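Residue numbers (my numbering), protein chains in the order written: chain L, 1 to 257; chain A, 258 to 475.
Among the hints, a few may not be true.
[What the hints assert, rightly or not] Partial selection, computed: residues in chain L whose CB lies under 8 angstroms from chain A:
| id | residue |
| --- | --- |
| 1 | L142 |
| 2 | A149 |
| 3 | D162 |
| 4 | L167 |
[Claimed, not checked] Calculated pairs, SDA-like style, for lysine to any residue (alpha carbon to alpha carbon, straight line, at most 25 angstroms):
| id | chain 1 | residue 1 | chain 2 | residue 2 |
| --- | --- | --- | --- | --- |
| 5 | A | K410 | L | R244 |
| 6 | A | K267 | A | V281 |
| 7 | A | K267 | A | A326 |
| 8 | L | K17 | L | E253 |
| 9 | A | K267 | A | L342 |
| 10 | A | K410 | L | R247 |
| 11 | A | K410 | L | W151 |
| 12 | A | K410 | L | A160 |
| 13 | A | K410 | L | L145 |
| 14 | A | K410 | L | A149 |
| 15 | A | K410 | L | E155 |
| 16 | A | K410 | A | R323 |
| 17 | L | K18 | L | A243 |
| 18 | A | K410 | A | L268 |
| 19 | A | K410 | L | T159 |
| 20 | A | K410 | L | P103 |
| 21 | A | K410 | L | A21 |
| 22 | A | K410 | L | K17 |
| 23 | A | K410 | L | K18 |
| 24 | A | K410 | L | D158 |
| 25 | A | K267 | A | P341 |
| 26 | L | K18 | L | N183 |
| 27 | A | K410 | L | I148 |
| 28 | A | K410 | L | E152 |
| 29 | A | K410 | L | P157 |
| 30 | A | K410 | A | D328 |
Treat the hints as calculated values from the structure; they're not laboratory data. Everything numeric in this text was worked out from a predicted model, so none of it was measured. For every residue, glycine included, the Cβ atom is placed at its ideal position computed from N, Cα and C.
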Amino acid sequence: MSIAAKANTIWQYANPKKFLATSERVLPFFWATAAICLVVGLVWGFFFTPDDFRQGSTVKIIYLHVPSALMAINCWLMMLVTSLVWLVRRHHVSALAARAAAPIGVVMTLIALVTGAIWGQPMWGTWWAWDPRLTSFLILFLFYLGYIALWEAIEDPDTAADLTSVLCLVGSVFAILSRYAVNFWNQGLHQGASVMRAGAVTGTDTTEKVSNVFFYPLFLCIIGFVLLFIALVLYRTGTEIRARRIRALLARERAGA
Amino acid sequence: MIALLFRDLKLAMRAGGGFGLGLVFFLIVTTLVPFAVGPQSDLLASIAPGVLWLGALLACLLSLDRLLALDWEDGTLDLLATAPLPLEAVVSVKALAHWITTGLPLVLAAPVFGVLLNLPGPGFFWLVVSLAVGTPALSVVGTFGAALTVGLKRGGLLLSLLVLPLYVPTLIFGAEVARRGAQGMETGTPLLMLGGITLATIALLPFASAAVLRVNLR
Numbered sequence: 001m002s003i004a005a006k007a008n009t010i011w012q013y014a015n016p017k018k019f020l021a022t023s024e025r026v027l028p029f030f031w032a033t034a035a036i037c038l039v040v041g042l043v044w045g046f047f048f049t050p051d052d053f054r055q056g057s058t059v060k061i062i063y064l065h066v067p068s069a070l071m072a073i074n075c076w077l078m079m080l081v082t083s084l085v086w087l088v089r090r091h092h093v094s095a096l097a098a099r100a101a102a103p104i105g106v107v108m109t110l111i112a113l114v115t116g117a118i119w120g121q122p123m124w125g126t127w128w129a130w131d132p133r134l135t136s137f138l139i140l141f142l143f144y145l146g147y148i149a150l151w152e153a154i155e156d157p158d159t160a161a162d163l164t165s166v167l168c169l170v171g172s173v174f175a176i177l178s179r180y181a182v183n184f185w186n187q188g189l190h191q192g193a194s195v196m197r198a199g200a201v202t203g204t205d206t207t208e209k210v211s212n213v214f215f216y217p218l219f220l221c222i223i224g225f226v227l228l229f230i231a232l233v234l235y236r237t238g239t240e241i242r243a244r245r246i247r248a249l250l251a252r253e254r255a256g257a
Numbered sequence: 258m259i260a261l262l263f264r265d266l267k268l269a270m271r272a273g274g275g276f277g278l279g280l281v282f283f284l285i286v287t288t289l290v291p292f293a294v295g296p297q298s299d300l301l302a303s304i305a306p307g308v309l310w311l312g313a314l315l316a317c318l319l320s321l322d323r324l325l326a327l328d329w330e331d332g333t334l335d336l337l338a339t340a341p342l343p344l345e346a347v348v349s350v351k352a353l354a355h356w357i358t359t360g361l362p363l364v365l366a367a368p369v370f371g372v373l374l375n376l377p378g379p380g381f382f383w384l385v386v387s388l389a390v391g392t393p394a395l396s397v398v399g400t401f402g403a404a405l406t407v408g409l410k411r412g413g414l415l416l417s418l419l420v421l422p423l424y425v426p427t428l429i430f431g432a433e434v435a436r437r438g439a440q441g442m443e444t445g446t447p448l449l450m451l452g453g454i455t456l457a458t459i460a461l462l463p464f465a466s467a468a469v470l471r472v473n474l475r
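Assemble the whole structure, with the sequences as input and the hints as a guide.
What follows is the structure, given as structure tokens:
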């Protein structure tokens, strides 16, 4: 591959300098659009949509619950991809991005669990039920905690990146396995997929789905959460790169002195 | 491989605490449960399969941090890594030795503890079957966790945190087999799933364990 061709691939961002320069340029855009989407989506959702005829105003938790749950899963997917990239191509930025994403994933999982509990209390009459979806989210939360704990426990950064990447791969398989095991184990209260299902968006699907009145602000909130997630990951990865640099500089100084 | 297996077994036998400790732990857990939930025999009967599975799982977990750590400390692992035997085979043998010293005694002793918890009659057979099928998976997954944390100074607690979520599918299907068996229901589906998980972990996880062990030995 020639250098000119290489400059146009995604791999050029494996260079930390290039990554930092580009991410600093695009970050304000992501922050701004995320803020706009979230503010518009949440205000629209909270104040300008009707109450559900059965659920009343509690239905509005959906604007936080669904996007955060979506991002909690997608965050793990992103960590899986970056872990694979690290294992295959040994790009440090990739490993650092996985590390940077994990705490965001934990927070998203926690938001989904807590808003779910707040929503479940008036609707199902209970804060918590051992429903398959709730349970698999709790398990996902545990996976995140273990992953972060392993990162924190290992001193050598390359060893830590290797071990956590393998853990992420193995953990993904077991997370999916747990999802189906849990489904088998208990049938639950939580409704099925009703937002992103094919047909629900185009309106051809006439079965139970989220009404368009709720769907538009919800879609805006989802986009806002995605943008917020991207911005946070870029920002935190930048921080990790700088922290790594500082450590390298300190080590060099100590070696020189 | 066989020499390594016998070496591990001998070490576990002679060093003390290998064979017995897991069993005693299992016994203590089973003894404590009635204190915690009350001695009503029908209540105990209904929770017995789950409690016995949980006890077996915790007893397995207890011995994991010694699984590779001793060989790591005295340098045996370095020798094994440079030996002609592939590291995948080494971790498989380690897992097998762990199962023989921990899993197998638990399987054999489980019916006795079942009596303590008033396990219904048909449950004994299925409890033993489910534990026999499921505990190898616990050992193999545990070996992976032990390989991940072998280089850490205080790996024990972290090991539990990493391994326990990985035990979820095995526990669900294993306890389901025992529970259905105890209630006289059909056990085919969960038993097949449990066997599938065990076989898949035996087939695939040693590669991951060996990979992380190589990283740790670097």
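Right, here's what the structure says about each hint:
Hint status for L142 of chain L relative to chain A: holds, with the closest Cβ pair at about 4 angstroms, below 8 angstroms. With a cut of 8 angstroms, the hint placing A149 of chain L at the interface with chain A holds, because the nearest CB-to-CB distance is about 6 angstroms. A least Cβ separation of about 4 angstroms between D162 of chain L and chain A falls short of the 8 angstroms threshold, and the interface hint therefore holds. For the restraint placing L167 of chain L at the interface with chain A, the shortest Cβ-Cβ distance is roughly 6 angstroms, inside the 8 angstroms limit, so the hint holds.
Restraint check for K410 of chain A and R244 of chain L: the C-alpha separation of about 23 angstroms stays at or below 25 angstroms, so the hint holds. For a cut-off of 25 angstroms, the pair hint linking K267 of chain A to V281 of chain A stands: about 20 angstroms separates their Cα positions. Among the hinted pairs, K267 of chain A with A326 of chain A is consistent with the structure: their alpha-carbon atoms are about 17 angstroms apart, no more than 25 angstroms. A hinted pair counts as satisfied when its Cα atoms are at most 25 angstroms apart, and K17 of chain L with E253 of chain L qualifies at roughly 21 angstroms.
Taken as a hint, the K267 of chain A and L342 of chain A pair is honoured in the structure, with Cα atoms around 20 angstroms apart against an allowance of 25 angstroms. Between K410 of chain A and R247 of chain L the alpha-carbon distance is near 22 angstroms, which keeps this suggested pair within the 25 angstroms criterion. A distance of roughly 14 angstroms separates the Cα atoms of K410 of chain A and W151 of chain L; the hinted pair therefore holds under the 25 angstroms criterion. Restraint check: the Cα-Cα separation between K410 of chain A and A160 of chain L comes to about 14 angstroms, which is no more than 25 angstroms; the hinted pair holds.
Taking the CA atoms of K410 of chain A and L145 of chain L, the gap is near 19 angstroms; set against the 25 angstroms cutoff, the hint holds. At most 25 angstroms may separate the alpha-carbon atoms for a hinted pair to count; K410 of chain A and A149 of chain L meet this at roughly 14 angstroms. This hinted pair checks out: K410 of chain A and E155 of chain L have alpha carbons roughly 11 angstroms apart, not beyond 25 angstroms. Distance restraint check for K410 of chain A and R323 of chain A: the Cα-Cα separation of roughly 13 angstroms lies within the 25 angstroms cut-off, and the hinted pair is therefore satisfied.
About 17 angstroms separates the Cα atoms of K18 of chain L and A243 of chain L, which keeps this hinted pair within 25 angstroms; it holds. Distance hint between K410 of chain A and L268 of chain A is fulfilled; the C-alpha atoms sit about 22 angstroms from each other, no more than 25 angstroms. This hinted pair checks out: K410 of chain A and T159 of chain L have alpha carbons roughly 15 angstroms apart, not beyond 25 angstroms. For the hint pairing K410 of chain A with P103 of chain L, the CA-to-CA distance comes to about 24 angstroms; that is within 25 angstroms, so the pair holds.
A C-alpha spacing of about 39 angstroms is found between K410 of chain A and A21 of chain L, which places the hinted pair above 25 angstroms, so the restraint is violated. Between K410 of chain A and K17 of chain L the alpha-carbon distance is near 35 angstroms, which puts this suggested pair outside the 25 angstroms criterion. Between K410 of chain A and K18 of chain L the CA atoms are separated by roughly 37 angstroms; this puts the pair beyond 25 angstroms, and the hint is violated. Taking the CA atoms of K410 of chain A and D158 of chain L, the gap is near 18 angstroms; set against the 25 angstroms cutoff, the hint holds.
A threshold of 25 angstroms between alpha carbons decides the hint, and for K267 of chain A with P341 of chain A the separation of about 22 angstroms falls inside it, so the pair holds. Distance hint between K18 of chain L and N183 of chain L is unfulfilled; the C-alpha atoms sit about 45 angstroms from each other, more than 25 angstroms. The hinted pair formed by K410 of chain A and I148 of chain L meets the criterion: a straight-line CA distance of about 17 angstroms does not exceed 25 angstroms. Of the pairs offered as hints, the one joining K410 of chain A and E152 of chain L holds, with about 13 angstroms between alpha carbons and a cut-off of 25 angstroms not exceeded.
A threshold of 25 angstroms between alpha carbons decides the hint, and for K410 of chain A with P157 of chain L the separation of about 16 angstroms falls inside it, so the pair holds. At roughly 14 angstroms between alpha-carbon atoms, K410 of chain A and D328 of chain A fall within 25 angstroms of each other, so this suggested pair holds.
This entry does not satisfy hints 21, 22, 23, 26, going by the numbered hints stated previously.
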